[in-house]
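Visitor: Sequence:
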Amino acid sequence: MSQQYEHLLIETTGQGVRTITLNRPDKLNAVNIRLSDELPVAIEEASSDDAVRVVVITGAGRGFCAGLELSPANISAMTERRTASRHERLDDLHWVGRWVLAVSNCDKPVIAAINGPSVGAGCGLALSADIRLMSDAATVSTGYARIALSPDAGVSYFLPRLVGVSRATELILTARDIKADEAERIGLVSRVFPAENFQQAVAEYAGTLAAGPPFALTLTKRLLRDAPDTDLLSQLRRELSGIMQCFTTNDVAEAMQAFAEKRPAKFAGK
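Heads up: the sequence shown runs through residues 10 to 279, numbered per my numbering.
If you're looking for bench data, these hints aren't it; they were derived computationally from the structure. Treat the hints with care, since some could be wrong.
[As the list claims (entries may be wrong)] Straight-line distance between alpha carbons at most 30 Å, and here's what the computed DSSO-like set of lysine-lysine pairs gives:
1. K230 <-> K279
2. K36 <-> K188
3. K230 <-> K271
4. K188 <-> K230
5. K230 <-> K275
What you are looking at is a predicted structure, and each value in this text was computed from that prediction instead of being measured.
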């Protein structure tokens with residue numbers, strides 16, 4: 010890992026868990042133009058690193074991500090870049106769309122560890138992850154309506170798929186805070202852990218996931234990602250193709266042997 014980051018902390022455990030921490034704690038990890046550039050690069054780097062099995066995204070300090078930094082200087086810088094990209098016919102997903110695509114395209118399972126307030130683009134980042142874990146002290150809000158904006162960062166795409174169109178509409182139009190117990194009840198997050206041992210709980214959860222079969226998990230993520238946009242017959246064919254590929258791996262043989270020997274399997278991703 011050679012990339013150096015100004016607003017991200019990167020850590021990789023021996024289990025293969027890569028933690029990407031948004032590191033602007035004094036701003037509740039709000040997004041400035043530098044962070045907007047750095048995050049997709051870090052995610053893509055984790056995706057291509059064979060030593061990484063699971064990616065965790067979290068925030069430093071007491072916030073997950075407070076959304077876009079609304080300072081005049083940051084808004085001006087982002088507006089100028091967006092105008093330039095349109096002029097030059099470049100990809101203008103520089104705001105936060107690149108994060109969402111990077112998470113969706115990442116070959117490794119991505120966990121959003123929501124340790125504190127997650128608002129606007131921060132909400133979108135959490136929604137784009139494969140699994141969301143939440144501190145019982147954290148809150149989530151779409152936030153946009155509070156500042157006269159429509160959604161970005163994939164919020165209007167992911168939220169209806171997670172909680173249904175009717176509930177998503179209410180949450181986006183009101184921009185109200187969603188506490189952890191409600192987030193778990195409506196299926197917005199998978200698990201809620203006490204704030205006092207949240208980091209430890211996330212580490213244990215991610216470590217368990219990292220011990221799984223990497224190749225099978227990658228194929229599973231792709232199947233789940235593509236399923237809403239395909240028909241049943243096509244999905245059945247994709248499933249068949251995937252499971253036949255899995256049968257050719259050493260991991261399946263290891264799983265069978267481990268089952269026979271009544272021991273935990275040790276998957277190598279091959």
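Visitor: Within a Cα-Cα threshold of 30 Å, do K230 and K279 meet the stated pairing?
Guide: OK: K230 and K279 at ~17 Å, within 30 Å.
Visitor: For the pair supplied as a hint, K188 and K230, confirm whether the alpha-carbon distance does not exceed 30 Å.
Guide: holds, 27 Å
Visitor: Would the hint linking K230 and K271 be met if the CA-CA limit is 30 Å?
Guide: holds, 28 Å
Visitor: Going straight from one Cα to the other, do K230 and K275 come out at no more than 30 Å?
Guide: holds, 20 Å
Visitor: Decide if the proposed pair is consistent with the structure: K36 and K188, CA atoms, cutoff 30 Å inclusive.
Guide: holds, 21 Å
The structure is consistent with each of the numbered hints, conforming to all of them.
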